[in-house]
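Engineer: Next come the chains, spelled out residue by residue.
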Amino acid sequence: MTLEKIKVAVIGPGNIGSDLMYKIFRSKNLEMAMMAGIVESEGIKRAASHGVKTSTKGVDAVAEEKDIKIAFDATSAAAHLNFNGPKLKEAGIVSIDLTPAAIGPYCVPSVNLDKLHTEQDINMVTCGGQATIPIVYAISRVAGAAYAEIVACISSKSAGPGTRANMDEFTETTSKAIEVVGGADKGKAIIVLNPADPPLMMTNTILVKVKNPEVGIEKITESINEIVAELKEYVPGYQLRVPPTLDGDKVTAIVQVEGQADFLPAYSGNLDIINSAAVAAAEKIAAEMLKKGGNA
Amino acid sequence: MEQPKITLVDTTMRDGSHAVRHSFTEEQVKKIAGGLDACGVPMIELSHGDGLGGSSYTYGFSKVDEFKLLRAASDVIKNAKLTVLLLPGIGTIEDLKRAQQCGAKAVRVATHVTEGDVSAQHIGAAKELGMFAVGFLMMTHMAPVEQIVEEAKKMESYGADYVNLADSAGYLMPNDVKARIEAVRAAVKIPVGFHAHNNLGLAIANSLMAVQSGATYLDGTLRGLGAGAGNAQIEVLAGVLARNGYDTSTDFYGLMDLAQDAVDPILLRPQTIDNGSLMLGYAGVYSSFLLHVYDAAKKYNLDARDILVELGRRKMVGGQEDMIIDVAYQLSKS
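If you're matching them up, the sequences are chains A and B in order.
Using numbering that gives the first Met the number 0, read the first sequence as starting at 0 and increasing by one per residue.
Using numbering that gives the first Met the number 0, read the second sequence as starting at 0 and increasing by one per residue.
Rather than coming from a laboratory, the hints here were simulated on the basis of the structure.
Incorrect hints may appear among the rest.
As a list, the in silico PhoX-like pairs of lysine-lysine whose alpha-carbon atoms are at most 25 Å apart [claimed, not checked]:
id: 1; chain 1: B; residue 1: 298; chain 2: A; residue 2: 218
id: 2; chain 1: A; residue 1: 185; chain 2: B; residue 2: 67
id: 3; chain 1: A; residue 1: 249; chain 2: B; residue 2: 332
id: 4; chain 1: B; residue 1: 332; chain 2: A; residue 2: 218
id: 5; chain 1: A; residue 1: 185; chain 2: B; residue 2: 96
id: 6; chain 1: A; residue 1: 156; chain 2: B; residue 2: 152
id: 7; chain 1: B; residue 1: 297; chain 2: A; residue 2: 249
id: 8; chain 1: A; residue 1: 291; chain 2: A; residue 2: 4
Just chain A, with the same shape it has in the complex:
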């Protein structure tokens, strides 16, 4: 048995990109083949210091590398929409889009990865979406969801300038994905930044109006526990803080995400979960590629 790996690139050597790199180092079937930015930066230096090939020519450098099969885009929505997405597609490289651009379908690994591994461009929704949509889905698949609402609280320190300048992108993208992926007829997302020091762990509250409350809390809890176990496989720090309760037709649950502190601190569970989801998606796609002959 060969230890063949699929070569991948990260575009955008910021905090997210650097954390992705460390996660890729741990991967069984992904090889960190390039870190691409558009200027010399700490992130580029960091990658180089680990022996990773780097470039400041952005997506063009990635597209020129003949053997790169998958690229993570950790830049901005505008960059993915206008340059990176189209150029990667042209080069036949699969995009794992961590921006809110969402050219391709939303991917929440524990829910719909099985259906997406042949897509050219998949979008990782938002950090809050990755943390809550699995729970919404777990509830909706057994009891139906007429309405689902999530409140994501992240520490101020882990909300970067991109998030801060685009709060609406978070709420709108997450709301939509709660419907499309989570299976709720109507979705609503709220995000709150908390500056407490020491920083708080990311917490998320999920509230769902179920269509069939007679299903009962045991069945709903069982479905949630099942998906939490699946999530823990790629986000070990994911846990239920408050187990689900059912009041009339309202289900409430609270989850906490502690990060793996690969590059970013443990309180940045929000960044850890979206990156972990992105790497899990890439691993699945890579596994399919290897089945079909891999790099050959």
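Go by the hints and put chain B onto chain A.
Structural biologist: Relative to chain A, chain B alone:
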């Protein structure tokens, strides 16, 4: 010496919305908005208590859609600026555009006191829409004066027409208000306003201190209707400001009559400093948590005060009503 003119901002139908559990009807809104307009109140705020888009499990569902209420208010307002509150992370620019179509002329964009930069997009959008835009810093007891100044300057740089400092927990002492208002006044060119809560019985005193320290916009509500122990009672503000020689250009008797005729009949509970409200102010907890805390205390068989103290200890900020259940659950297990 001539005293400056003070602009009163009525928020009976926004902050007061918490106190009536977001149950305002079009009929009630028409009566209150029409009355305030006739009394010469220049800004009238109306939206869900947590701002546009606040209707939710977490903050309470509105009985009547806020856009319908805005239209109803807009129909009867002749002079005042119909104003909405918007918390980035809850409401969106799309919501703001809809509010404008329903007659809103001004928006107050509110963020936690340390997070002013999340208001840039929304203040910018409001200005592009031709609206009067206000930067609104919540929970100003939770940051040192120097940081409040920095956040206020950011909001000014985004285009805010004035900046409002809110004592959302009703925690500040008069000298704390003085220090905050004076420092911000000295640092920005735009006017400064103040929003009080009466949890420690200081809403009127703190509001007076705010104008004596240079604030020229003051929030108030009829009968003090608002989250926790309520806000500065606007008819009292009108009287107190007049006694101190400030010009509010409002009808003092008219406001008193309006409070009695339009608000007294709809109170769900007396707008007093009950024990929970007192604890909000004492522990520094966001005032709109109160009724949700009472609900959780009942559900988990706890003393509401214990939940409030723990929320304060955890430094929860506005919008984190969802953590009330978390705290109640953890306390019930301990």
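Engineer: Hint by hint, which ones does the structure fall short of?
Structural biologist: Nothing - there is no hint that the structure violates, so all of them hold.
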